[in-house]
Structures are given as C-alpha cells and as structure tokens.
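Student: Chains as they are written, first to last, in our numbering: chain V, 396 to 754; chain C, 396 to 754.
Simulated from the structure, these hints should not be mistaken for lab results.
Please read these numbers as outputs of a predicted model, since none were measured by experiment.
Careful, some of the hints might be misleading.
Since the list gives no way to pick one copy over another, a pair counts as held whenever it fits inside one copy or between any two copies.
[Unchecked claim] Mimicking DSSO-like on lysine-lysine, the simulated pairs with C-alpha atoms at most 30 Å apart in a straight line are:
| hint | residue 1 | residue 2 |
| --- | --- | --- |
| 1 | K547 | K450 |
| 2 | K487 | K724 |
| 3 | K487 | K427 |
There are 2 protein chains.
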Amino acid sequence: MSDSVTLQVDFGERSYPIHIGAGLISQPDCYKPHIQSRKVMLVTNETVAPLYLAKVKTALSEFDLDEVILPDGEAYKTLAVMDQIYTALLQKRYDRNSTLIALGGGVVGDMTGFAAASYQRGIRFIQVPTTLLSQVDSSVGGKTGVNHPLGKNMIGAFHQPQAVIADTDTLNTLPDRELSAGLAEVIKYGLINDPTLFTWLENHIHQLMQRDPAALIHAIERSCADKATIVAADEKEAGQRALLNLGHTFGHAIETGMGYGEWLHGEAVAAGMAMAADMSHRLGWLSAMDDQRIRQLLRSASLPDQPPSLGAETFLDLMSIDKKVMDGKLRLVLLQGIGQSIISQDFPFDCLQATLSRY
Amino acid sequence: MSDSVTLQVDFGERSYPIHIGAGLISQPDCYKPHIQSRKVMLVTNETVAPLYLAKVKTALSEFDLDEVILPDGEAYKTLAVMDQIYTALLQKRYDRNSTLIALGGGVVGDMTGFAAASYQRGIRFIQVPTTLLSQVDSSVGGKTGVNHPLGKNMIGAFHQPQAVIADTDTLNTLPDRELSAGLAEVIKYGLINDPTLFTWLENHIHQLMQRDPAALIHAIERSCADKATIVAADEKEAGQRALLNLGHTFGHAIETGMGYGEWLHGEAVAAGMAMAADMSHRLGWLSAMDDQRIRQLLRSASLPDQPPSLGAETFLDLMSIDKKVMDGKLRLVLLQGIGQSIISQDFPFDCLQATLSRY
Numbered sequence: 396m397s398d399s400v401t402l403q404v405d406f407g408e409r410s411y412p413i414h415i416g417a418g419l420i421s422q423p424d425c426y427k428p429h430i431q432s433r434k435v436m437l438v439t440n441e442t443v444a445p446l447y448l449a450k451v452k453t454a455l456s457e458f459d460l461d462e463v464i465l466p467d468g469e470a471y472k473t474l475a476v477m478d479q480i481y482t483a484l485l486q487k488r489y490d491r492n493s494t495l496i497a498l499g500g501g502v503v504g505d506m507t508g509f510a511a512a513s514y515q516r517g518i519r520f521i522q523v524p525t526t527l528l529s530q531v532d533s534s535v536g537g538k539t540g541v542n543h544p545l546g547k548n549m550i551g552a553f554h555q556p557q558a559v560i561a562d563t564d565t566l567n568t569l570p571d572r573e574l575s576a577g578l579a580e581v582i583k584y585g586l587i588n589d590p591t592l593f594t595w596l597e598n599h600i601h602q603l604m605q606r607d608p609a610a611l612i613h614a615i616e617r618s619c620a621d622k623a624t625i626v627a628a629d630e631k632e633a634g635q636r637a638l639l640n641l642g643h644t645f646g647h648a649i650e651t652g653m654g655y656g657e658w659l660h661g662e663a664v665a666a667g668m669a670m671a672a673d674m675s676h677r678l679g680w681l682s683a684m685d686d687q688r689i690r691q692l693l694r695s696a697s698l699p700d701q702p703p704s705l706g707a708e709t710f711l712d713l714m715s716i717d718k719k720v721m722d723g724k725l726r727l728v729l730l731q732g733i734g735q736s737i738i739s740q741d742f743p744f745d746c747l748q749a750t751l752s753r754y
Numbered sequence: 396m397s398d399s400v401t402l403q404v405d406f407g408e409r410s411y412p413i414h415i416g417a418g419l420i421s422q423p424d425c426y427k428p429h430i431q432s433r434k435v436m437l438v439t440n441e442t443v444a445p446l447y448l449a450k451v452k453t454a455l456s457e458f459d460l461d462e463v464i465l466p467d468g469e470a471y472k473t474l475a476v477m478d479q480i481y482t483a484l485l486q487k488r489y490d491r492n493s494t495l496i497a498l499g500g501g502v503v504g505d506m507t508g509f510a511a512a513s514y515q516r517g518i519r520f521i522q523v524p525t526t527l528l529s530q531v532d533s534s535v536g537g538k539t540g541v542n543h544p545l546g547k548n549m550i551g552a553f554h555q556p557q558a559v560i561a562d563t564d565t566l567n568t569l570p571d572r573e574l575s576a577g578l579a580e581v582i583k584y585g586l587i588n589d590p591t592l593f594t595w596l597e598n599h600i601h602q603l604m605q606r607d608p609a610a611l612i613h614a615i616e617r618s619c620a621d622k623a624t625i626v627a628a629d630e631k632e633a634g635q636r637a638l639l640n641l642g643h644t645f646g647h648a649i650e651t652g653m654g655y656g657e658w659l660h661g662e663a664v665a666a667g668m669a670m671a672a673d674m675s676h677r678l679g680w681l682s683a684m685d686d687q688r689i690r691q692l693l694r695s696a697s698l699p700d701q702p703p704s705l706g707a708e709t710f711l712d713l714m715s716i717d718k719k720v721m722d723g724k725l726r727l728v729l730l731q732g733i734g735q736s737i738i739s740q741d742f743p744f745d746c747l748q749a750t751l752s753r754y
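Please model the entire structure based on the sequences and the hints provided.
Tutor: What follows is the structure in structure tokens.
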C-alpha cells in the first residue's frame, strides 16, 4: 500500500475515508473497520464480476457473503432492476446492521447506494468504484438513485457511504472511451475552482491517458478533495453545490435527447462544458484564449468539444425538465475564467439561444 | 378553529406543527406557511377523494394544483403503484421546491412521504391524515415507505413532513372497524409510558367510540405528544424508539401470516399487545390484574385480545424476518406494568414459546 493515499471526508454528523491506490480492493483492512455484522451483500454487474468479484470475496472471506449481479448499463438503472437487491436482501434475511458493498461504476454505486438508503429505511454501504468517473464523482457527495423513464436520476436519496475504496488497478481494464469520460469530470473540477489542477492536467494529460498510476492517484485525490470542499459547505445542494453541475444541464439534455447510453455521461458533460464555455465567452466573461484552452484539453483527453446537432428548440425543451430548474427559471453554471465558475440565472436569453443554435 | 390545538414537534434540524381539530382541512392558513412554490400535488385514494378532495382544493385554490388518485388499500402500497406519483410529478414538471400533500390514511401518507423523500432526492410534503390510526401514528416520526412482496415496510426513508393537519371531522366517515384500529395505537401509548392516558382511556372509551370531538382531540394530542417524546430522543430508532414497536413484532407476524389486508394493522397490534401482556405476565413482570385491564380495554374498543390460530412454529418463522430482529437475536417490547414498557432480548425462549402456543 505504499502508493496509496487516504482522504477523510467530513459531512456534519458523518465522516468517512476515501482510500486511493493500487491493489486496494484486495486489502481486508480497507473494509473491515466499516462492517458491523457478519452479513455482507456484494452488488456488482456482469461485466465487473468476472474481473474483480473474486478478489473482493477473498478479502472478505471471514464474513457471510452473498452477491447480486446486475445487468450492465445505464438502461438498467431502474427501480425494477434495483428490486433484485431488495429481494436478495429479504430472501437472505439481511437486517439493519448488515452492509452492502457496491463493486462497479456509477450505475452500480448509485443503485446500491439507494438500496442501502431505502432498505429498512437505511443500512450501511461501502463503495468500491471501478471506473475513473465513479472514483472521482460518486465517491463524494452521497448522491444515490435511479433513473425514471421521464428523467435521469429523478428518484433517489442522499446517503453517505461508510468508506470508499478506489483501486487504480481496476482502471487497467477500463475501455479508453470510459477513461476519457472520467477525465471529463476531473477537468470539470479544474474549471470550477481549481486552476492549479487545470494547469497540471494540461501538463499531464498524456500520462493520464496512458494510465500512469501516480498521475491517476493525484487526479483522483485532487478531484475528490475539490468536490468534498464544495459539498461539505452545502450538503443538500441548496447553493454552492450547484457548481458541480458545470456542463451537466447541457449534458443531461444531450443524454436525454440522444437516449440514455448513446453518449457516455462524461462525454455529454465534456460537450456541456464546451457549451458553457462558449456561452460564457459570448457573455464576455471568458477570454477567447481560455475558451480555446478548454477545448484543447478536452480534445487531448479524446473528449467531444461540441454537442450533437439536436437543434436549439429540442435543447431548450430537454433542459426545462432538468432538476436544476428552480421554480421555472433556468439556472446555469457558467465561467468567469478557468477555475472561476458561477451559478447564474441572470443572463440574456439571446446568449443561451446563440450557443444552442451554433450546433 | 376554537376547538383545535397545535402541537409543535422538534427533530434536530427540523421542527413542524401538528394541527388537531374539527374542520381544519378547509382552513387555508393550515397549509400556506408550508408551501414554497406554486406547484402543489395532491395525492389521495379513490375512497377519500370523493369525500374530502374538493375541500382541500378549495382551501388551496390560489395554487397550481394537480392530483394523483391511487387505488385504496395496503395491497397497493408498492413501488409500482408509487411510480404513479413519480410519473405525475415528472409529467407536470415538478421541481425541487414543489410540495406534495398526502390526503388519506397511513398507506397514502407512507407512499406520498416516500415519494417526497425520493423525488429528486427530497421535496417537501404536508400530511393530512384522515384516519385515526394515521393521525396518532404516522403524524410523528417521519417514517415513510412501501411494502415488498417479502416483507411489510421494508423499503422507505425517514422524511419529516412540513406540517400535519389532523381534522377530526374526517373521522365521521371512518368505518367502525378502522376507528377501533386507531384506538389500538392510542392504547399502545398508554401502555408504553403514559399510565395517566391509559386510565383516561378506561374512563373515556365510550366517548371515543361515539366519536366525541373533544375526546378525540385529547386522545390524538396525547398520543402524538407521547410519540414525539420517544422519537425526539431517538430519531433513528437505535434505542428507545423501539418501544413504539410494542405489539408490532407479534402484530406484523399476524399481518404477514394472514396475508396483508385480512387483519387491519391496528387489530394485529391489539392482538400483539395482548400477546406481549401474556408473555410479560408469564415472566412475572405484569400482574394478572393489569393483564386483565389491558384485555378489557381492548375489548371495550371492539379490538381482538388474542391472535388468530397460526401455531407457534409459523409465528416464530414469521417473526424472524421482522425488522426488529437485531443480528439474528429477537428483541421484543414487553411490559413491567401499565405505562412501563421495556425492550428485551433477555427472556427465556420457553416463555415466548408458551405464549405462542397458547393460541
């Protein structure tokens, strides 16, 4: 464990560690302090199970283990599929002191987390994210939930894990496209409030693309720390937490408009950040050079720097059902510079229209 | 509103009023301070809607109202039926500042509350309980949720309402059997820690059975206050809150064993309290006279004072899947006197067996 770091995240009454490093999923000591009773249910999916489930089971061999293997993909992030977790818990008579372990990407983490939040009104869970996106995004903030046919992530709960175990070795089996999608969120943290991270990314994007462990650990740690700083100040997303939605209002519209699964979440967020940059430049808030730096970094990470051609009208329609709409008024996260994001609902509608019409 | 009282309930960061009185559902002022945006979704069922929905709509006529009318009955307290609420909220584009109003009994309250807890990870809701059971039980404690085919109330969340409006006039349309079922919970509060309430009930049971408004207001207020005292000390049910399960471990076994809907919840709890009294008497903790007083009061309220003949083995099997089982060890709420309940997992198994075998 020489190449690992631990970040402690504090939320009001609750605090938990994020362990980041190579080979951690095989370390019993990462899990054991966070398990209360002997009963531990492992939840994963059919892609991740053959790769990593045996390692986790070996690490936890002293416990009474059960497992649920879900189908893989955002299309299965539904109440109906989540019911498989409830059913397994009830069939095996899991009580309130039991523990769930989420082994997989964001979909597994969100569903397992919501199952933990709602089974018997709340049991404990440990997150073992195996994608870069879930390591930098879902590890902090306690957001759990499922999709609804009428909207993404519309049903869920805030529920903090007992611990997060982010093993960079699991990224070696990640498809290139998913690695890039994860980097989109890392870039996002640079844009929101961490210009030092943004510059570091400009200088280390090739190491990251080559999955250099030390670079990955740094990027994950910095992203989680940045997110924790924002979230800790605002656990319930009343104010500053909305900054984390940079690129997401546009991004969700892209995902919904294309149908879930066509674009990866991170790809949609990347295009959404490019759109936010474009709009910020039109508002005179962001220089042409910074707009260019953003697009360049996205391209270096093999990410899209523009959305698909949905048309302005479709975009507007898709955006108005988004969670970020407050009482009918659209709020967007925009940029006043790299590392200087703001929440705004005070922009000329023409500017939004111009950005949407560009594509 | 001369004949009404307001009880303030405090839970950590959250506090809310319970208004109790005749005619309150028609009073706009009971609702208005608790609604944030113009969008208000009324959730009720097909039995309650024709009786009271118009009154609530008139009281809230200045808001943008929508409604969801669910089928009536415990059998419909499921994730699938709850999805009707999510769908309506999404179709009508309800955002995070919207308000849900639950108009009906415990099933409507629990489902609407869980929908509010989980829609966009939490929106506000107001409870308008129209049964005695829901007025004295669901008004306090923030428990929301649905049933699972494998267990009652197994999926849910803790989510406090913004306000509770308990209108005693709505009890005039309540079937006799449901009035009695509600009184079972009132009797429970007397048994748990309020001997004064128990004695008052012995002296006023006939007024309550005749639906005397003043007697009802007193019984509801006292029950809510008693429950609030217990819950406030222990919002997450780690300790003393389990006292509220007096009669419930046996009662849930009866409900599950008979199939949901055969016995009303309150009837099962009444029989469960009689079983707890029987067992407490066998343990030498409760006098024969107090055991008799309990049975007598249950009978005066037209409630069962014994369970159906399920057989000891079936009972044990049904009880071991109950939420109150801690890590495999059965905990029961028993009586050391009227108004003196305790949580115990330290009793001879023979005593439990003897009580279960008696019926």
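Student: Quick one: which hint numbers does this structure break? Sort them smallest to largest.
Tutor: 1
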